[in-house]
Structures are given as C-alpha cells and as structure tokens.
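Respectively, the protein sequence lines represent chains A and B.
Residues in the first sequence are numbered from 22 upward in steps of one, following our numbering.
Residues in the second sequence are numbered from 22 upward in steps of one, following our numbering.
A portion of the hints provided could be inaccurate.
Same chains, same label: a pair holds when it works inside one copy or across any pair of copies.
Unchecked claim - With a straight-line cut-off of 25 Å between C-alpha atoms, the simulated DMTMM-like cross-links for lysine to aspartate or glutamate are: (1) LYS274 <-> ASP56; (2) LYS381 <-> GLU303; (3) LYS176 <-> GLU291; (4) LYS266 <-> ASP52; (5) LYS159 <-> ASP74; (6) LYS381 <-> ASP214; (7) LYS304 <-> ASP185; (8) LYS220 <-> GLU116; (9) LYS159 <-> ASP276; (10) LYS65 <-> GLU201; (11) LYS304 <-> ASP216; (12) LYS213 <-> ASP276; (13) LYS381 <-> ASP67; (14) LYS213 <-> ASP200; (15) LYS220 <-> GLU101.
These aren't lab readings, by the way, just hints derived from the structure by calculation.
Here the structure is a predicted model, which is why all the values come from computation and not from measurement.
Number of protein chains: 2
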Amino acid sequence: MDAIEVQYPMNGGHGPYSYVQNSSYQKGVVDAARDVIFQVVAEKLDLGNPCFDSSNPFRIADLGCSTGPNTFFAMQNVVEAVKLKYQSIPQTSPEFLVFFNDHTDNDFNVLFRSLPHNTGASPGYFAAGVPGSLLFPKNTFHFLHSSYALQWLSKVPKEVLDRDSPAWNKGKIHYTGSDEHVTKAFFGQFQKDMDGFLKARAQEMVGGGLMLIQLPGIRNGGLFSQTGAGMIHFILGSCLVEMAKMGYTTEEKVDTFNVPQYHPLIEDLEMVVDMNKCFTIEKAGVLFTLRTESFLYFHFLDTIHFLSFSLFRSFPYSVFSLFVSFWHNLNFYAWSWFLTSRAFILSDFHEIRIFTFARKYSGCSRCS
Amino acid sequence: MDAIEVQYPMNGGHGPYSYVQNSSYQKGVVDAARDVIFQVVAEKLDLGNPCFDSSNPFRIADLGCSTGPNTFFAMQNVVEAVKLKYQSIPQTSPEFLVFFNDHTDNDFNVLFRSLPHNTGASPGYFAAGVPGSLLFPKNTFHFLHSSYALQWLSKVPKEVLDRDSPAWNKGKIHYTGSDEHVTKAFFGQFQKDMDGFLKARAQEMVGGGLMLIQLPGIRNGGLFSQTGAGMIHFILGSCLVEMAKMGYTTEEKVDTFNVPQYHPLIEDLEMVVDMNKCFTIEKAGVLFTLRTESFLYFHFLDTIHFLSFSLFRSFPYSVFSLFVSFWHNLNFYAWSWFLTSRAFILSDFHEIRIFTFARKYSGCSRCS
Chain A
22 MDAIEVQYPM
32 NGGHGPYSYV
42 QNSSYQKGVV
52 DAARDVIFQV
62 VAEKLDLGNP
72 CFDSSNPFRI
82 ADLGCSTGPN
92 TFFAMQNVVE
102 AVKLKYQSIP
112 QTSPEFLVFF
122 NDHTDNDFNV
132 LFRSLPHNTG
142 ASPGYFAAGV
152 PGSLLFPKNT
162 FHFLHSSYAL
172 QWLSKVPKEV
182 LDRDSPAWNK
192 GKIHYTGSDE
202 HVTKAFFGQF
212 QKDMDGFLKA
222 RAQEMVGGGL
232 MLIQLPGIRN
242 GGLFSQTGAG
252 MIHFILGSCL
262 VEMAKMGYTT
272 EEKVDTFNVP
282 QYHPLIEDLE
292 MVVDMNKCFT
302 IEKAGVLFTL
312 RTESFLYFHF
322 LDTIHFLSFS
332 LFRSFPYSVF
342 SLFVSFWHNL
352 NFYAWSWFLT
362 SRAFILSDFH
372 EIRIFTFARK
382 YSGCSRCS
Chain B
22 MDAIEVQYPM
32 NGGHGPYSYV
42 QNSSYQKGVV
52 DAARDVIFQV
62 VAEKLDLGNP
72 CFDSSNPFRI
82 ADLGCSTGPN
92 TFFAMQNVVE
102 AVKLKYQSIP
112 QTSPEFLVFF
122 NDHTDNDFNV
132 LFRSLPHNTG
142 ASPGYFAAGV
152 PGSLLFPKNT
162 FHFLHSSYAL
172 QWLSKVPKEV
182 LDRDSPAWNK
192 GKIHYTGSDE
202 HVTKAFFGQF
212 QKDMDGFLKA
222 RAQEMVGGGL
232 MLIQLPGIRN
242 GGLFSQTGAG
252 MIHFILGSCL
262 VEMAKMGYTT
272 EEKVDTFNVP
282 QYHPLIEDLE
292 MVVDMNKCFT
302 IEKAGVLFTL
312 RTESFLYFHF
322 LDTIHFLSFS
332 LFRSFPYSVF
342 SLFVSFWHNL
352 NFYAWSWFLT
362 SRAFILSDFH
372 EIRIFTFARK
382 YSGCSRCS
C-alpha cells in the first residue's frame, strides 16, 4: 500500500491550523530542555577533540525542525551553550553553521522567511536548510538536536494493515488499546527506524559529537493506554468506528488508517542503542511529566489538530468536514474537559524524556 | 523610498507564469556553459591546494538558483567536471555538497521537492538550501557558480527616482535610451553590488577556489539600446508612458518604476574586479551571441513574462490586467514578430558572457 509511505510534515503556512500557530506545547519542551543543553555541553562536549578545530565552523543540525519558531529557540540555546563552553578554554570560538532539517514537504519557505536573520537580529550562526532524510557528508556535524520528532515513525507497520496478520489492527487507529501483536509491530517499526537513524547519524557526525534527543515516552512499567496521549488515540479511534457504523465513512477506511507514532519505554531506546553500537547514552532523564492542567490543555489541542490533519489526508473531504464539525462544534469543550481531567489523574505515566548520545570514536578517520 | 529594497525572486510554483515554466532561455545558457565548465575545471582547478583535501567534502554553491530545474543541470555539470578531474590524479574523489542559494523569498519548497534526489536518482551530491545573501562561514566554498543572475541589481539606484537629480529617469523604465547620467547611476549600482558580492564571496571561498559567472552583457563599443533586450525595455517604457497619457495609470507610477538590471561591458567587469583585488579573472569569453531566431523568440517570451511580473508588483491589478490584455491579445504576435526581426538584425551586440574568477590566496589561514 503506497499511501503509508507518504510524508506527513507538520502543517505549513501561518494559518489557524499551521504548526506555527499550534506548537506552544512543543515550545514548552524546547524551553524545558534549555538548562539540560547547557549542562550537557559543559560536561560532555570535548572541545579538545581534533574534530572540534575552531578554524572550521561548528556544525549543528536540528532534525525535524518544522517551520519555526521553536527550532530557532532550540538552536539559539545550543549555540549559546557551546559559545559559553569555548569561553572557558583558551581557544577562540569558531563560526557556527546550523542546518535546519525536515521532510522534503516541510514548508521551508515559512521557515526561511521567519529566520531571526531577517529581522535584523544577529543570532550568531549561519543558516541552511536540508530537505529529506539528511544523509550528509561524513563527519559533518558536531552537535545534533531533535525535539519532539522521533516518536513519528517513517510509516505505519505493514502488519497492522494486513488482514491475514495476527497484528491486524481492526477498528483501531493506533496500538493503544490493541493487543500485544499490534504493539510489537509498532515497536518493530520504531526499532528499525531508530536503528537506521542512528547508523546514518553516526556517518554524518564527527567522533565524539553529541546528539540530544527529546521525545515523549512512558516510564518502564507504564502502559501507553493509561497516558493522556494514549487515551486520545483510543477515543478518536472509537469515534471513527462509530462514524463508520453511521455511514459517514467505511470500515475499510478506518481499518487502513493508523497514526504512525511510537512512544518508547526507556528500555526500548536502550535496547536499540545497545544493538546499534554507534553511540553511547551519556545522559538520560525526564524533562517533565504531564502534571499541570494548562499544559495538558495545550497538549491536547495540538494533538487534536494533528489528528484532524492526518484524517484530512486519509478521508474524503466531506467526511473530514463532518468529523471536524462533530468534534469542534458539538463536543469540543466536553471532550477537552474530559480528556484534561482524566489525563490529569493519569499523567505521571507520560513523560517527555531527554537523551544525550555521544558518537563513538570508531569510524572517523580523523578522530579514531 | 522603501519599495526599491523589496526582493524580486523569480516566480515560484509550477503555474503558467512560474520560472519553472518560463526558463527555457536560461536552460540554454546553462547548456551552453557545460563545455566551458569542464574546460575551466580541467585547466584551472588546483586540486593540490591544501584546501582541496579530499577527506572533506567539495563544497559548491549556485548563487541565484531560483526554483529549478536549470540549477540541477548546472550543478550536475560542475560535479561531473570535478569528478573527472579527480580521476586524473592519484587522489580519491571527495563527497560533494551543493548549496542552492537565492533570495529568502525564493520558492525553496518547489526547489526542494523537485531535487533529483526525490526521483530515486543519485546525482552524486548532497544538497542544502541557503536563503538570502549567503554570508557563509570563512573558507566554505571550493567552487561558486552563478548563471544569468548577476545582471540583477540589489535595488534601483536612488538618483533615477529623484526629481532633483540630473539622473532622474522621467518617462523611462530603464537606462536604455536614457541619457548618460542615468546609465552612470545604473553602472554605479552595479559597481557597488559587484564589489560587495566579490568581497563576501572572497570571505566564503577557500584560497584558489574558482567562481564561474554567466551573465548577459554587451561588447565594448556596443550600446545597450541597440540590443534586443535594450529595445524591449525601451518599448515597454513607451507603452507605459502612453498608458499614463490614456489614464490607465499615472505618470508618477511610471516615473517611480525602473527595472533593476545592468548588462555590463567587459571593461565594466574588469574595472570592478581590479578595484576589488580579491579575485583574478582567469578566463573570459562569449558563451553565445543572440543570432538564432528561435532562441530570440524564447528569450523575448521570458523577458515579456518577467516584465509583466514586475509590473504586477508595481501597479494596481486593474492596470496590470489592462496591460496584459493589451499586450497578449491585441499586439502580442505583432510585437513578437517586430522584436524578433529587429533584434535579429542587431543581435550581435548582445552577448552572454562567461567569466572565471579565481580567489586569490591571501587571507586564508590554511592556504596563504
């Protein structure tokens, strides 16, 4: 099925459903990570490494940057942290070059036009955009950053769309609330994606380079179905099944739609990194758990928007309109209240985790 | 007057007035330059230079790339030429990294989505986009390329819009057919722009790096007003003056509109490069003169489209519609025939010139 290979970048433009207008939650993640970035750079970045020669620019990439402005705040944090570290050693600070990376279909026009450079500011770095899977020349990057992006899978695992597979995910749009075969299929895809991701990044990074990843996950022992995000996936799936029964859409359409997202356990990530062998986990921690009501409220607004957009792509417009109408007009406040209050009770299972990986020194001709 | 500072990138998208659909002439320039690129790389590129260490990627930029696909053909030519040169020496070919550069308002979305990488092709280089004036880290580029872009000035020179200046360009939209004060004002702007351009590029290029520039110009002793391009600027200006008399627009609007373009004499460029002192001219030649009728026809189609777009930005839509209607419906074929036949007679004054500049070795800590 070709459809599952299609890219789903965040919504472009500046309109009411754009990422620019609907990413206050993701901004919260970037802000919360600021102190960790400074700490990680101070403790773990080895500027004595010959690949950090300050006559060459210090190269950073933000993977899954979307359209801004969150990525600009994140990159500012990284650049400031590295400059501060250079002040503590007898070496001139290098120039900085930031590569903004996302899907080819990401709205790079909006990203470029809102770069801080265009407002007369001097953000202290040069900027470039890179579309696609960012396979870049060897030993390019000194620091990689990815915030709230790697929970997205490259595609829906095939098994969950296959009627003959025990992992067929009939009547659901995600692994939440599904049986273990479905969860395993999603984890399998996450494992493949992360392994491929780490291998590619290992090629692109200098030995000793650092990578900082922030992504939502659940703590070991927790269940995704008990988290707010899990609940919303489950409830939206139920709505669609009901709509199919009412004739607004078909069962087949519901069965072939799945949200390509996996929220890993800590042990999931550790397992992938161990098997991959290119990186070491230098630091792992919880950035925050979803505890505050207002934060949750914004979270669910974003989630609702995302799901609406995905549905828009997968269903005929008429069905989508009905769905949006149903959601926004009839039940929006009720659902928001319900979700907020339920998720508030269960929230400590759902965490935003932050990981620092260091690229091992093997494989880099200049550093090994 | 702020309006003159506004960017005018080529038209984005894939529509009937897009650059993608109206750049066959520019494609002709790129194709004609292919052999010169191979020759210049073979003769002038010094791969023994320490800055051309093949453990680092060979970095190229296309300045004024617009939306494609011409830029992809041009970059393919450069990459192939450099790879061929590496085959002739006992050194492994490096990886290649191409930076596509144009105004921030250029349609990078169209550019990125049409990259050859997306069609499953392996063009042999990694790609990034750079918006704006491309001030990049020192010693970044090994090869710079710019095709049919540098005739565009950064802005209309102030003097030609100033009623109190002897260079006030009343009743005309370009220096063609105007007196020498106007021509001098346009040349002054070209001189400033080129000087700034060369200084910035000298910072960004490695010592010994090459820059290949293709731009339309006139041969020493020629007059721009006698070329096809000069004629079309003059005739369009006259049309607008007539339209102002007929009340379709105002005299003031015509007087404040000028096409920010300068087609240099060879001696103009030589003077700027000599004064600038960062580069040497390694090779200069005529890529072609406008002799073939079919080529001219395409040329004027493009020119007509460009001018229509500029007018669209500068005049109210209603006036623009009238103008387009007047142009396309009443006189299009007559004008085309007239311009083609006239310009055919005069065409050998209008040349596409190609220059190869080498970055001098001073100022580069690694090369000097």
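Structure-based check of each hint:
no.	hint	result
1	LYS274 <-> ASP56	neither (45 Å within a copy, 55 Å between copies)
2	LYS381 <-> GLU303	within (11 Å within a copy, 45 Å between copies)
3	LYS176 <-> GLU291	within (22 Å within a copy, 56 Å between copies)
4	LYS266 <-> ASP52	neither (44 Å within a copy, 60 Å between copies)
5	LYS159 <-> ASP74	both (16 Å within a copy, 14 Å between copies)
6	LYS381 <-> ASP214	within (20 Å within a copy, 46 Å between copies)
7	LYS304 <-> ASP185	neither (42 Å within a copy, 68 Å between copies)
8	LYS220 <-> GLU116	between (27 Å within a copy, 18 Å between copies)
9	LYS159 <-> ASP276	neither (42 Å within a copy, 54 Å between copies)
10	LYS65 <-> GLU201	neither (38 Å within a copy, 64 Å between copies)
11	LYS304 <-> ASP216	within (19 Å within a copy, 50 Å between copies)
12	LYS213 <-> ASP276	within (23 Å within a copy, 63 Å between copies)
13	LYS381 <-> ASP67	within (12 Å within a copy, 35 Å between copies)
14	LYS213 <-> ASP200	within (21 Å within a copy, 69 Å between copies)
15	LYS220 <-> GLU101	neither (28 Å within a copy, 28 Å between copies)
Hint compliance for this structure: hints 1, 4, 7, 9, 10 and 15 are not met, and every other hint is.
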